[in-house]
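Chemist: Given next are the chains, with one letter for each unit.
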Amino acid sequence: MIIAKKKPIEEIIESLATDKTVFIVGCGECATVTQTGGEKEVAEMKAALEAAGKKVVGVDMVAAGCQELDLKRILRQHKEAAEETEAFLVLSCGAGTQSVREGTQKHVVPGTDSLFLGNIKRAGTYEEKCSLCGKCVLDEYGAICPVTRCAKGLLNGPCGGTNHGKCEVDPEKDCAWVLIHQQLRKEGREDKLARVHPPKDWNVVARPGRVVPAKEEPATEAAGAKKP
Amino acid sequence: MSAYREACESGRFVVSGEIGPPKGTNVQTMLHHIDLLKDQVDGLNVTDNQSSVMRLGSLAVSHEIVSRGGDAIFQMTCRDRNRLALGSDLLSAAFLGIANVLCLTGDHPSVGDHKEAKSVYDFDSVHLIQCARKMNEGHDWAGNDLDGATNFYVGAVVTPEADPLEPQLYKFARKVEGGAQFFQTQAVYDMDHFQRFMEDARTVTEGTEVKLMAGLVVLTSLGMAKYMNRAVPGIMVPDVILEEMGGVPKEEALRKGMEICARHIRFLKENQICDGVHIMAIGKEELIPEILTMAGLAATT
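Protein chains in written order, with the working numbering: chain A, 1200 to 1427; chain B, 57 to 357.
So that you can see chain A by itself, here it is in the shape it has in the complex (with noise of 0.2 Å):
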């Protein structure tokens, strides 16, 4: 789940000074679940905005901002609309700002903050412990990502600002490696804890990341067959 917040809505109406109309983008998955971008969030994002002198030509809500096909039947099914504003207002991630950016040329302004991809802990309550690093390595941490949720991404034990089992850098969190030397003792797992572990190999996606269907091999070669 992306996790995001919503802007103020003064820096919201000083991005859209120059724009009198505004279509406005909700999401129906993560900003629905986070309150940024679900319809009451649009509804209360519309009043806002009148409320400042604009005018809301159109709202909806896609199933999920990050599916651009999705996004652009939508705003198709809004021609009119889509023609007449000069700005969409996207309540969603930065990724479903961009799928707007996809399906139109008017000036696209984002309504709210992605912060991570997080687990939900109870409602309003997130948690961020998988950064996206392009290659898992919680088999060796006790399935608790040190990269993520250590503040330094450190690889082969806490550093010097372990306090009380708590991280320096934010007293309300924990230090990821005692959550991690705990657990690998549990386990009986200390093996892993008695082990270098090399740096992180960054550019295992190369960013921005791309995935594309693999290609289907010809016949000849999928039986088997290698070129010499």
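Bear in mind the hints are in silico, worked out from the structure with no lab data behind them.
Hints may be right or wrong, so weigh each one.
[Unchecked claim] Not the full set, but computed from the structure, chain A residues with beta-carbon under 8 Å of chain B:
1. G1333
2. K1351
3. L1392
[Claimed, not checked] With a cut-off of at most 20 Å between alpha-carbon atoms, the simulated EDC-like pairs for lysine to aspartate or glutamate come out as follows:
4. A:K1365 to B:D219
5. A:K1254 to A:E1282
6. A:K1385 to A:D1373
7. B:K174 to A:E1327
8. A:K1385 to B:E222
9. B:K171 to A:E1386
10. B:K174 to A:D1400
11. B:K325 to B:E62
12. A:K1399 to A:E1415
13. A:K1271 to A:E1283
Owing to the predicted nature of the structure, the values given are computational and were not obtained by experimental measurement.
The beta carbon of each residue, even a glycine, is placed where N, CA and C say it ideally should be.
Dock chain B against the given chain A, drawing on the hints supplied.
Modeler: The following block gives chain B in isolation, referenced to the frame of chain A:
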């Protein structure tokens, strides 16, 4: 061979000090401290943007110490540089005649004065130790041959008062495995606890030539001691020391702090608890010669 390394390998009790470069180009006080200490100690650490506060660089100041006839211990943190920059700075250090390098993780930018900075930590301290050792063998991190190897005496740090201690001991073992040749500890004040820590540490370093130096920070007031207990992870000033500091009038607190430091040096040396001390006299560098005299350690050169 560097003077610091030679002292460490000689088996005698080693003393190092520390220079914190200034924030700005006014270097007169720093140069005064270098000149004052360079012949009193075996080596001088130079901190690397200490506490994530942007300052004059440790590479330049380490070079200045060497050119003034002292021996510099170039501190390098992993906070601000990726593996390319760290490797390159190690070559620069070798070129500038710097023979000792101390590898640290580095405080997080959020505790310093450029809180919005992107932190790097491409390497951790274990990787930096390994990298320096590889360069000593004539290869860079990626395995490419160097046209001329380095010859660093490679050091690292350990925190005896870490809570919990066990993960810290595991990391200490990784640093030893990675090739650290000497260690300087975070500041210690509880000699009984430190003695127990050293027993654990010696178990790890058994069969190696690894040298361990106790880190000592000179207390200047009771308030400073309490502040460290409250705000500095990994430092624990025990009650008995707090009482000692609090038991003298304010104007005598600094002298008491010097006495405690000298007493600890003497204790560590006489009981052969560790191989030396690293004295951090944050802002009070001019006191170090007197502390060494109080501890019964004459100038070492």
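Chemist: Taking the hints in turn, state whether each one holds.
Modeler: Taking the hints in turn, this is what the structure says about them:
no.	hint	in the structure
1	G1333	14 Å, violated
2	K1351	5 Å, holds
3	L1392	5 Å, holds
4	A:K1365 to B:D219	9 Å, holds
5	A:K1254 to A:E1282	14 Å, holds
6	A:K1385 to A:D1373	18 Å, holds
7	B:K174 to A:E1327	18 Å, holds
8	A:K1385 to B:E222	14 Å, holds
9	B:K171 to A:E1386	38 Å, violated
10	B:K174 to A:D1400	19 Å, holds
11	B:K325 to B:E62	18 Å, holds
12	A:K1399 to A:E1415	31 Å, violated
13	A:K1271 to A:E1283	16 Å, holds
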